[in-house]
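Peer 1: For reference, the chains in residue letters:
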Amino acid sequence: MSTIVIDNLQTHFETPAGVIRAVDGVSFSVERGEILGLVGESGSGKSITGFSIIGLVDPPGRVAGGRILFQGEDLVGRSESEMRALRGKKIAMIFQDPMMTLNPVLSIETQMVEAVRAHDNVPKLEARRRAVEALGLVGIPSPDERLSAYPHQFSGGMRQRVAIAIALLHRPDLIIADEPTTALDVTIQSQILFEIQKVSRDFGMSLIWISHDLGVVAGLAHNIAVMYAGRIVEAGPVDTVLDHPVHPYTVGLLRSIPANLRRGEALEAIPGMAPSPLRRPSGCPFRLRCFAATATCETEPVDARIGEHSWRCFHPQNEARP
Amino acid sequence: MTVFILRRLLQSAGVLLATSVIVFLGVYAIGNPADILIAADATQLERQSAIVALGLDRPLIEQYWIFLSNALRGDFGRSFVFNQPAISLILARLPATLELALVALIIALVVGIPLGLVSGLKPNTLVDETIMTGSILGFSLPNFWQGMMLIMIFSVWLGWLPAGGRGDTAQVLGITTSLLSWDGLTHLILPATNLALFNLALVIRLTRTGVREIMPLDFIKFARAKGLTERRIVLVHVLKNIMIPVVTVVGMEFGSIIAFAVVTETIFSWPGIGKLLIDSIMLLDRPVVVSYLLVVVFMFVIINLLVDIAYSLLDPRIRLRDTQ
Chain A
1 MSTIVIDNLQ THFETPAGVI RAVDGVSFSV ERGEILGLVG ESGSGKSITG FSIIGLVDPP
61 GRVAGGRILF QGEDLVGRSE SEMRALRGKK IAMIFQDPMM TLNPVLSIET QMVEAVRAHD
121 NVPKLEARRR AVEALGLVGI PSPDERLSAY PHQFSGGMRQ RVAIAIALLH RPDLIIADEP
181 TTALDVTIQS QILFEIQKVS RDFGMSLIWI SHDLGVVAGL AHNIAVMYAG RIVEAGPVDT
241 VLDHPVHPYT VGLLRSIPAN LRRGEALEAI PGMAPSPLRR PSGCPFRLRC FAATATCETE
301 PVDARIGEHS WRCFHPQNEA RP
Chain B
1 MTVFILRRLL QSAGVLLATS VIVFLGVYAI GNPADILIAA DATQLERQSA IVALGLDRPL
61 IEQYWIFLSN ALRGDFGRSF VFNQPAISLI LARLPATLEL ALVALIIALV VGIPLGLVSG
121 LKPNTLVDET IMTGSILGFS LPNFWQGMML IMIFSVWLGW LPAGGRGDTA QVLGITTSLL
181 SWDGLTHLIL PATNLALFNL ALVIRLTRTG VREIMPLDFI KFARAKGLTE RRIVLVHVLK
241 NIMIPVVTVV GMEFGSIIAF AVVTETIFSW PGIGKLLIDS IMLLDRPVVV SYLLVVVFMF
301 VIINLLVDIA YSLLDPRIRL RDTQ
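Chains as they are written, first to last, in the UniProt record's numbering: chain A, 1 to 322; chain B, 1 to 324.
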């Protein structure tokens, strides 16, 4: 059984200016121990997808349709207390900015012990022991001493390790990581990626890694899903999608990575900007920026698929491969 | 931290010295106490001897010097009116004011923080708007009018509480207090509420603003993602962050409560220090006025020091350092 199956998820924000369909019919699944890279530009709905799963979409946003099957059970419409029992216990989340995820006026110990005791009624000493163990797991030196420190006494990378340690406290079945290395130095980033990969493998945890960095996803994930304007436009095994991209948007993303070019060659940017979520073009939302667009694109494209590789485009680039 | 405290105490000595000069000059400028204190039908000779006895015949500089050298020995002069040491007059009445101010502060915090929390957590609802409108009244209606309305409603119409005075008091460790007898408490409720209203409104608004600022932050969302109850998030994660601005402002305000309890004490004929001050200013009782202001300044200094120490306890990022 898949750890999580998202089926036609719709997350909408009802604003005075109209309904914003931040997530507009997203479907994917993640198996046990699998890492899925969820990629897209800012505003593509990838973070909102993550928050929808854990039930923390800020109002006026709400999950308006679709199913979120976690270990076979639908999370949509669950009560707040049922979701709370799941959060941190079965599904954990790591945030983008480590400088902001820990409460500045509470010690690391307080923040970890409360996380343990939110789900397990254990004595404080036992909770503390688990906290020390989790800090050791993510490579924090002398965790016993560091536990009594406050967030400001840690560097950004260390804080993100603490946040990951908190996410690991209950050995959740699914971790949603929302750009957790974007704010970090490249060297720290690779260390964190290494730790994450290790614990995911060791404990058989599923991971949804939200990022706009294709390089990171390429090295980390098993599967990749590319989001554009609230939809998944291309998905499949990471090597297949990155080596043989089919959707013009994925092609454009890959071309705009500096590492793929020779020195002096001009970077190729995708023209235009992501459409306003209130005024998305009819048909394919990417058609106004697309180099391959034709009149056909004014109708809604449907999913095409070869093996595990799927895409949503009338004009597949390259030769699609499974 | 010890060095920090010592340095602050040393600085406060300088503040006290400067205040004493300003206050001495100020009171000197208001008028000549001899004109008020000495009976109009006194002979020229009686008048002259009274002026000499009070030391009012000497030049201002010399008067100040005498005051200062006596003050350093703990003698702040004798009241012209009561012919008692000024400082003991003040200290005899201070407990009544402190008690009033303390109870007012507790009311402001105990009622204000929960109301502010409710308001901030449910913004733009009927509850929030009711509380906010109430707090505007607390700000804008004059304190003396609020006091008279309290008397009107609770003493005159409802007859629940006494309209003035201090009621039964008890002695604890040499301090007279109203807190230990039922009668004393009933006398305390109205004036303390009156004194609390402004700060209550202030605390409500500070708390509400704080909640609105803290709630959208990432660490609150992360706390939710850990599966914490809403109750723990609000009472621990939000509240501890809010306490920093609240302590700052309330610390400053506590000094003001003491210094400006005058109005409330006058309305409720509370035998506190404020009433003594008003009487002393009327009679140009210079030693009492000067000593009173020095005591108030001293209290401000101490309160500010306590607030700084409270900061370092509330916010681990603040460390009291011996700055050069």
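Please keep in mind that the hints were generated in silico from the structure rather than gathered at the bench.
Hints are supplied without guarantee of correctness; some may be wrong.
Claimed, not checked - With the C-beta cut set under 8 Å, the calculated list includes, among others, these residues of chain B facing chain A: (1) Ala259; (2) Lys275; (3) Asp315.
Stated by the list, open to error - Far from chain B by the CB rule (all over 10 Å, computed), these chain A residues: (4) Val105; (5) Ala115; (6) Ala218; (7) Gly219; (8) His244; (9) Gly272; (10) Ser276; (11) Thr299.
None of these values were measured; they are calculated from a predicted model.
Think of the CB as a built atom: it goes at the ideal place given N, C-alpha and C, for glycine as much as any other residue.
Peer 1: Non-interface claim for Ala218/A: all C-beta distances to chain B beyond 10 Å?
Peer 2: holds, 27 Å
Peer 1: Does Ala259/B meet its interface restraint, that is, does its C-beta lie within less than 8 Å of any C-beta in chain A?
Peer 2: violated, 31 Å
Peer 1: Does Gly219/A clear chain B by more than 10 Å, comparing its Cβ with all Cβ atoms of that chain?
Peer 2: Fine: 26 Å to the nearest Cβ keeps Gly219/A off the interface.
Peer 1: Minimum C-beta separation from Thr299/A to chain B exceeding 10 Å: can you confirm that?
Peer 2: holds, 39 Å
Peer 1: Does the claim that His244/A lies outside the interface with chain B hold up, using a Cβ gap greater than 10 Å?
Peer 2: Non-interface label stands for His244/A: nearest chain B Cβ at 36 Å, farther than 10 Å.
Peer 1: Holds or violated: Lys275/B as interface residue toward chain A, Cβ cutoff 8 Å?
Peer 2: Interface hint status for Lys275/B: violated (42 Å vs cutoff 8 Å).
Peer 1: Would you say Ser276/A is clear of chain B, with no C-beta pair closer than or equal to 10 Å?
Peer 2: Given a closest Cβ separation of 23 Å, the condition holds.
Peer 1: Are all C-beta atoms of chain B more than 10 Å from that of Gly272/A?
Peer 2: Fine: 31 Å to the nearest Cβ keeps Gly272/A off the interface.
Peer 1: Would you say Val105/A is clear of chain B, with no C-beta pair closer than or equal to 10 Å?
Peer 2: violated, 5 Å
Peer 1: Ala115/A: least C-beta distance to chain B exceeds 10 Å?
Peer 2: violated, 4 Å
Peer 1: Using Cβ atoms only, decide whether Asp315/B comes closer than 8 Å to chain A, and label the hint accordingly.
Peer 2: Where the cut-off is 8 Å and the nearest Cβ of chain A is about 6 Å from Asp315/B, the hint holds.
Hint check: violations occur at hints 1, 2, 4, 5; the rest are consistent with the structure.
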